[in-house]
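Asker: Residues per chain, in single letters:
Protein chains: 2
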Amino acid sequence: MATIYEVSKLAGVSLATVSRVMNNNANVSDATREKVTRAMTELGYRPNSIAQSLASNCSNSVGLLVSELHGPFYGPMMSGIETAFRKQGKHVIIAAGHSNEEREQQAIEFLISRNCDALILHVEAISDDYLIELSKGKTPFVLINRYIAELSSRCIILDNVKGGYLAAKYVLEQGHTDIAYISGPLWKKDAQDRLTGHKQALAEYNLSFNEQLLYQGDFMEDGGAAGFQYLHNNGPQFTALICANDEMATGAMATARECKLKLPEQLSIMGYDNVFFTRHVYPPLSTINYPINEMGRMAADWVLSNVYQKNTPPLQTLFEPELIIRQSVLTHPQ
Amino acid sequence: MATIYEVSKLAGVSLATVSRVMNNNANVSDATREKVTRAMTELGYRPNSIAQSLASNCSNSVGLLVSELHGPFYGPMMSGIETAFRKQGKHVIIAAGHSNEEREQQAIEFLISRNCDALILHVEAISDDYLIELSKGKTPFVLINRYIAELSSRCIILDNVKGGYLAAKYVLEQGHTDIAYISGPLWKKDAQDRLTGHKQALAEYNLSFNEQLLYQGDFMEDGGAAGFQYLHNNGPQFTALICANDEMATGAMATARECKLKLPEQLSIMGYDNVFFTRHVYPPLSTINYPINEMGRMAADWVLSNVYQKNTPPLQTLFEPELIIRQSVLTHPQ
DNA sequence: TTGTACGCGTTATCAG
DNA sequence: CTGATAACGCGTACAA
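So the sequence lines, in the order shown, correspond to chains A and B. Numbering follows full-length UniProt numbering, with no gaps: position 41 of the first sequence is 41. Numbering follows full-length UniProt numbering, with no gaps: position 293 of the second sequence is 293.
In short, the hints are calculated from the structure, not lab data. Keep in mind that this is a model prediction, so the values were computed, not measured. Careful: at least some of the hints might be erroneous.
Copies of the same chain are indistinguishable here, so a pair counts whether it falls within one copy or spans any two.
Keeping only pairs whose Cα atoms sit at most 30 Å apart, straight-line, the calculated DSSO-like set for lysine-lysine is [to be verified]:
| # | residue 1 | residue 2 |
| --- | --- | --- |
| 1 | K35 | K138 |
| 2 | K138 | K260 |
| 3 | K138 | K9 |
| 4 | K136 | K310 |
Can you make the complete structure from the sequences, with help from the hints?
Answerer: Given below as structure tokens:
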């Protein structure tokens with residue numbers, strides 16, 4: 001592999017000059033620039049990015065931590081991020097945290113030890129304190145789907161109370177009044193917010209929230225299944241079920257069907273996230289759109305702007321949810 | 001950030017010795033090892049992985065190229081790969097090729113320019129010739145889901161003709177004789193193989209393959225939809241439809257339902273891949289399992305073994321498909 | 001067992 | 001506009 005040194009010899013210039021033309025930096029006369037580029041192509045020269053990193057103290061890599069590499073939610077997010085970075089010649093190193101505090105911490109340390117210039121984190125288990133502490137370190141990071149007041153400018157989030165509100169309002173508009181709710185783990189901010197929005201809508205309709213119709217799930221399929229089972233057996237009657245995310249809605253649908261309920265005739269179901277497979281379940285699931293792809297891209301833009309000083313479109317940290325109507329919610333016969 | 005130099009000073013030893021204890025390499029007396037480690041923790045020393053890479057000519061990074069970062073198929077694959085590598089302190093750089101020849105090439109060049117020690121490629125559009133040429137370069141790579149005779153030992157593949165055979169056989173066993181088939185793009189080896197297996201099963205049942213019941217799809221949802229539409233309007237009658245992958249099966253199901261067919265009563269449908277959402281469609285889709293997660297892990301083991309000389313479990317390049325029975329195929333009434 | 005000295009391929013700081 | 005030359009932080013023959 002040719003080095004900058006050989007190029008300089010062949011072009012009859014110094015190392016510094018070659019470096020200059022590579023980086024389009026200082027003023028170089030067209031003549032010498034020409035000589036150098038010719039030498040480069042002749043030798044098939046390729047810069048050694050590692051040497052560049054060492055010398056410039058910039059690895060051009062950003063670490064991306066998600067809970068799972070599979071899972072319908074993270075794919076579009078990674079996709080938006082990778083696309084944005086590759087256009088700029090940065091590369092992304094991925095790691096999975098598995099929603100587990102220790103593993104999330106390990107992943108972060110791993111990414112930092114890899115000399116990432118910045119981190120994009122979608123973490124769930126790690127504490128606010130840890131992140132606040134981390135923010136004092138030298139590796140900058142953005143948070144997706146997590147709000148910490150002290151770090152607010154680096155938090156890219158969805159307006160979850162609005163989302164919860166939209167879901168409930170839509171169901172209410174269809175005439176339902178007995179509405180069950182399977183929430184996420186309520187120690188999570190997003191789960192709380194969605195529930196808050198839900199209650200707001202109820203209040204607008206002068207309906208009081210019935211604690212008997214609440215089940216705290218885990219954002220996973222099994223939680224939805226268990227939730228439906230529990231509510232079906234122990235709770236009061238309900239004609240609609242709102243789940244705090246699509247996976248739980250899916251689990252609930254499967255279990256409801258096992259209980260011989262006809263969907264959506266005997267039970268309207270509403271999800272949240274608009275994960276791609278919601279179109280394919282039966283009946284197609286009405287849900288709330290979570291623009292995770294755009295949010296990923298925005299996280300990338302944040303890094304591009306704040307770490308690499310690139311020009312980017314204006315940054316935005318709060319995103320809006322949107323109602324997606326399909327066929328899983330029926331008008332309630334009066 | 002402390003460097004090896006400061007550690008050596010504090011420990012009262014030379015740079016080389018510090019380096020030695022870091023790499024557990026040469027013989028170092030317990031006493032000095034002790035001194036050094038103490039100095040390291042006291043300074044909170046962290047090795048600079050970039051400097052290590054430059055000096056050792058090993059970046060400890062492997063490039064992973066998939067078609068899409070989203071999409072149900074690649075998630076489990078990336079997951080298996082990332083897990084295997086992180087255990088060994090290697091990191092994975094991801095890139096998306098978008099099933100497009102030019103972009104796949106760009107991605108490969110990008111990864112190579114990033115000094116990856118090895119590449120794991122799931123490519124679709126790139127030519128065999130390009131890959132054979134690439135194999136002469138200095139960056140080793142493995143191929144997933146692609147067979148090239150000249151590169152056979154680095155091809156990790158599924159026995160697709162067997163998979164095609166299993167799918168057809170199962171449907172035949174249920175008494176169907178009029179079976180439509182939506183294939184993948186037939187210039188792709190895996191699409192061909194699946195169809196070959198399909199025909200084999202038919203032959204075993206003394207049934208001749210009816211070209212009228214074949215539609216060439218694109219492995220995507222729309223292809224399945226178009227395929228069903230076409231076969232439904234133009235083809236002979238059929239009581240079962242086998243699709244060469246789950247996405248097309250999903251598209252076909254949606255369209256069949258739009259055509260007022262009751263599923264699975266009026267049409268049995270079979271998929272291929274066992275992508276995770278097949279459990280959630282309605283009716284739950286019978287399909288062929290593609291152990292992509294394991295295959296990803298195997299690709300990682302290949303790299304660990306061949307590039308990093310780590311001990312790994314025995315390598316395996318050919319994987320077996322498996323029949324997954326759910327509820328989308330009904331016994332055909334005689 | 002330990003230390004010296006050089007090399008890895010660039011960038012960056014000065015002079016000129 | 002261009003050229004020396006010193007970092008960058010570490011691995012590794014080679015010598016001691």
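Asker: Now tell me if each hint is right for this structure.
Answerer: Each hint tested on the structure:
| no. | hint | in the structure |
| --- | --- | --- |
| 1 | K35 - K138 | between (40 Å within a copy, 28 Å between copies) |
| 2 | K138 - K260 | neither (57 Å within a copy, 61 Å between copies) |
| 3 | K138 - K9 | between (39 Å within a copy, 25 Å between copies) |
| 4 | K136 - K310 | within (23 Å within a copy, 37 Å between copies) |
In this structure, the one hint that does not hold is number 2.
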